[in-house]
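S.K.: Based on the hints, put chain B in the right spot on chain A.
What follows is each chain in one-letter form.
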Amino acid sequence: MVDVRQISRRFGDTLAVDDATLSVRRGDFLTILGPSGCGKTTLLRMIAGFLEPSGGHILIDGKPMDDVPAHRRSIGMVFQKLALFPHMTAAQNVAYPLKMRRFERGEIAARVDRFLKLVRLDGLGSRRPHELSGGQQQRVAIARALSFSPDLLLLDEPLSALDKKLREEMQLEFRRIQQELGVTTINVTHDQREALVMSDQIVVMDAGRIEQDAAPEDVYQNPSTGFVARFLGMTSVFSGIVVSQTDAGPTIRVGDREMHGRAGCAFKPDDTVECALRAEQIRILEAGDDGCDTQVVATVEQRIFEGDRVVYQVRVPALADATLYAFDHDPLQHRRHGVNSTITIGWNAADLFAFPVEPAT
Amino acid sequence: MTGSRGKSVFIWTVTWFCVITLSAPTVIIIGASFTAGEIIQFPPDGLSLRWYDALIGQTAFTDALWRTLYVSLVCTAVSIPAGVLAALATVRYRLRFRPAIQVYLLLPFTIPLVVSGIGMMVWFGELRILGALWPVGVGLCVINLPFMIWAVSASASALDPELENAAANCGAGPVMVFFTVTLPAVTPGIITGALLMFILAVNEFLVSLFLTDSRTVTLPVQIYNSIRSVITPDLAAISVVYIVLALAAVWLLDRLVGLEIFLKSR
Numbered sequence: 260m261v262d263v264r265q266i267s268r269r270f271g272d273t274l275a276v277d278d279a280t281l282s283v284r285r286g287d288f289l290t291i292l293g294p295s296g297c298g299k300t301t302l303l304r305m306i307a308g309f310l311e312p313s314g315g316h317i318l319i320d321g322k323p324m325d326d327v328p329a330h331r332r333s334i335g336m337v338f339q340k341l342a343l344f345p346h347m348t349a350a351q352n353v354a355y356p357l358k359m360r361r362f363e364r365g366e367i368a369a370r371v372d373r374f375l376k377l378v379r380l381d382g383l384g385s386r387r388p389h390e391l392s393g394g395q396q397q398r399v400a401i402a403r404a405l406s407f408s409p410d411l412l413l414l415d416e417p418l419s420a421l422d423k424k425l426r427e428e429m430q431l432e433f434r435r436i437q438q439e440l441g442v443t444t445i446n447v448t449h450d451q452r453e454a455l456v457m458s459d460q461i462v463v464m465d466a467g468r469i470e471q472d473a474a475p476e477d478v479y480q481n482p483s484t485g486f487v488a489r490f491l492g493m494t495s496v497f498s499g500i501v502v503s504q505t506d507a508g509p510t511i512r513v514g515d516r517e518m519h520g521r522a523g524c525a526f527k528p529d530d531t532v533e534c535a536l537r538a539e540q541i542r543i544l545e546a547g548d549d550g551c552d553t554q555v556v557a558t559v560e561q562r563i564f565e566g567d568r569v570v571y572q573v574r575v576p577a578l579a580d581a582t583l584y585a586f587d588h589d590p591l592q593h594r595r596h597g598v599n600s601t602i603t604i605g606w607n608a609a610d611l612f613a614f615p616v617e618p619a620t
Numbered sequence: 141m142t143g144s145r146g147k148s149v150f151i152w153t154v155t156w157f158c159v160i161t162l163s164a165p166t167v168i169i170i171g172a173s174f175t176a177g178e179i180i181q182f183p184p185d186g187l188s189l190r191w192y193d194a195l196i197g198q199t200a201f202t203d204a205l206w207r208t209l210y211v212s213l214v215c216t217a218v219s220i221p222a223g224v225l226a227a228l229a230t231v232r233y234r235l236r237f238r239p240a241i242q243v244y245l246l247l248p249f250t251i252p253l254v255v256s257g258i259g260m261m262v263w264f265g266e267l268r269i270l271g272a273l274w275p276v277g278v279g280l281c282v283i284n285l286p287f288m289i290w291a292v293s294a295s296a297s298a299l300d301p302e303l304e305n306a307a308a309n310c311g312a313g314p315v316m317v318f319f320t321v322t323l324p325a326v327t328p329g330i331i332t333g334a335l336l337m338f339i340l341a342v343n344e345f346l347v348s349l350f351l352t353d354s355r356t357v358t359l360p361v362q363i364y365n366s367i368r369s370v371i372t373p374d375l376a377a378i379s380v381v382y383i384v385l386a387l388a389a390v391w392l393l394d395r396l397v398g399l400e401i402f403l404k405s406r
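Listed in order, the protein sequences are those of chains A and B. Read in order, the letters of the first sequence are residues 260 to 620 in our numbering. Read in order, the letters of the second sequence are residues 141 to 406 in our numbering.
Note that these hints are calculated values from the structure, not bench results. Nothing here was measured: the structure is a model prediction, and the numbers come from that model. Glycine residues also receive a C-beta, built at the ideal position from the N, C-alpha and C atoms. Hints may contain errors.
Pairwise CB distance ranges, derived in the manner of DEER restraints [said to hold, decoys possible]:
id: 1; chain 1: A; residue 1: L421; chain 2: B; residue 2: S148; range: 30 to 36 Å
id: 2; chain 1: B; residue 1: R238; chain 2: A; residue 2: D278; range: 32 to 38 Å
id: 3; chain 1: B; residue 1: Q242; chain 2: A; residue 2: D262; range: 53 to 59 Å
id: 4; chain 1: B; residue 1: D300; chain 2: A; residue 2: R285; range: 29 to 35 Å
id: 5; chain 1: B; residue 1: Y233; chain 2: A; residue 2: A579; range: 37 to 43 Å
id: 6; chain 1: A; residue 1: S392; chain 2: B; residue 2: L387; range: 53 to 59 Å
id: 7; chain 1: B; residue 1: D394; chain 2: A; residue 2: Q265; range: 56 to 62 Å
id: 8; chain 1: B; residue 1: P301; chain 2: A; residue 2: D450; range: 21 to 27 Å
Just chain A, same shape as in the assembly (with noise of 0.2 Å):
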């Protein structure tokens, strides 16, 4: 439905867009995902037509839009700052788009109607923006960009400026929206939470280039870069040297231990990789248990107390004073291990992910 093919962009001299290539299926909600700056909304912008490629073409239908102004594209957008105009009442706003395209008067009325229903802003129809809490104006801005039934919908981070609770109440709004209408999606965000929970497939982004391009689930259990693994979830980095290469994985050294992990390339002997741990993945040993594949004494650090979970910053000599994280779900052994005592930790070897280390940018 939407195809990205080789685009670039540059301001001055900075690359924000560096060769980007990504499509998206019918249908599909699709979310780009990266840190400020990384160039998701530079991407975005440019697919909305506000900014114009350096190099490569966008092709919407199968159609290039190389030469197709912003107003002559069938795209709905929500706006990081929702753009919503402050002289128009919530249901002028919905109507501008159906005026603009020269819907029919009564057509106008109904859809008015139906969208504002669909946002669940019924009643609301004639206050003005300002008169809305930011919820509201969030779905009157969810409606405008809606009410053409444009075929594809783009959303610039509308949710980062609300607070958490009705973010996350929003997420499932706009999922539940998107779904009953249908419509293709492209959301830019840098919180991974509203990544995985809102989409069919996520781009990540670092520094101008695509990192991954997966369904949700891949991209969390198999980063393909040490970026991704480090941006996604609470992960432990620390570094290494492999000592041998196998069809299973490398064996890797750090410090004085030597462990099996998994990486999507072949390494070769003496390589110094970069190794990845997820928190959750790592287990808190009881005496006596000898169910991983790995296994160290470690110092704890920090106890962090999240509320519904603990997490356990510890320091572990034997590879090289390494600072890993762990997570404790279990409320019964909340507490139990405090600063400065000695635990023991384990991990299996499949959630060992080994990268090769990138080039300082």
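M.R.: Relative to chain A, chain B alone:
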């Protein structure tokens, strides 16, 4: 205790001094206009409306008033498109030589009115339009345009450029974006600027003096001409008409730019 008392005495003294100095001429002229006597004096010699009555009879004043209003309307009408476009261009677009253009647009402020007046008189003479009434309005527009640009610029820089993107995204072409989003957003600035331009044009004396002759004389120039012959209380009466005009403009400004509240987002 005494310190704060002394401070408050000082502040009130200064305040009253300013209030009296600023309003005394107005109060005196209003009082003098209601005199029943033959000369301008304050306090007035009896109360009557005879000088207002006399004013209505003097076609020199009433014709000059209508000409002034006509000239001011021309000035305002010209200044709206010119000021709006200049302000939007300098605020919203990354023009080349933007600082130079901004300085150029402020030039009328820096040039003495006498110089502008003489310049326009010579130029209008060359164009053979000196002696017509409408060029006076254009001339007044030129010298006061920075006020219009300033008022619209203030509104335009408060306008979120994303709104124009949003409108384009909704399917509005550039012309529709301008009329449905940009223009409503700068409307408070246009109203402020237009009223300012109107009242400045009504009051403008020096440049009008150069650009008018006996057939096209405007009210300020007419008053000046009258002072040079006989000073009678009808001058005070016409001045009060002026004050009322100015107050009406301020009242209108307050009423209309109260609209600004509705135009504010969040």
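S.K.: Take the hints in turn and mark each one as holding or not.
M.R.: Hints versus structure:
| no. | hint | verdict |
| --- | --- | --- |
| 1 | L421/A with S148/B: 30 to 36 Å | violated, 49 Å |
| 2 | R238/B with D278/A: 32 to 38 Å | holds, 34 Å |
| 3 | Q242/B with D262/A: 53 to 59 Å | violated, 44 Å |
| 4 | D300/B with R285/A: 29 to 35 Å | holds, 33 Å |
| 5 | Y233/B with A579/A: 37 to 43 Å | violated, 57 Å |
| 6 | S392/A with L387/B: 53 to 59 Å | violated, 41 Å |
| 7 | D394/B with Q265/A: 56 to 62 Å | holds, 58 Å |
| 8 | P301/B with D450/A: 21 to 27 Å | holds, 25 Å |
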